[in-house]
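Student: Sequence:
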Amino acid sequence: MYPKLVKAPKRQRRRRHAEEFKRQVVAACMQPGISIAAVALANGLNANLLRRWVKDDRDAQEVANDAEAVNQVETRRPPTLVPVTVSSSDDAPAGEIKIAIHRDQTVVEVAWPVSQAATCAQWLRELLR
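Residue 661 in this note's numbering is what sits at position 38 of the sequence shown, and the numbering runs on without skipping anything.
Treat the hints with care, as some may be off.
To be verified - Lysine to any residue pairs mimicking SDA-like chemistry, simulated, CA-CA at most 20 Å apart: (1) K678 x L668; (2) K678 x C652; (3) K678 x R646.
Think of the hints as simulated: they come from the structure by calculation, not from any bench.
All chains should be modelled from the sequences, with the hints used to inform the complete structure.
Tutor: Given below as structure tokens:
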């Protein structure tokens, strides 16, 4: 009278994992030479789920490090100022600009006062054209 009854498969419930378990498994993944897939297989977890836990842990550490860096910057004292003396433009620098030009056997030596450095540069431009 009744057709064959087909029982619906049991609905799988989503597993919940304790935070301590997650921390231990993620710490195991951080060990050098250990693959996430191997840790997932050994603990009966999906490798993609474990990768997400590792990524979330790294992101949380970065946020914590950024917050710590901001706190360090805020608590740092401002840099101390160093006194600097600036000479006024009225003080003409003492000394000379000495130029020696060697051409074949001839040597031409010219001395200009430092206060006339702009004129010296103009003369050199004209000479070297």
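Student: Are the hints correct? Go through all of them and say.
Tutor: To see whether the hints hold, each was checked on the structure:
A distance of roughly 16 Å separates the Cα atoms of K678 and L668; the hinted pair therefore holds under the 20 Å criterion. Distance hint between K678 and C652 is fulfilled; the C-alpha atoms sit about 11 Å from each other, no more than 20 Å. Restraint check for K678 and R646: the C-alpha separation of about 12 Å stays at or below 20 Å, so the hint holds.
Comparing the model with each numbered hint stated earlier shows that all of them hold.
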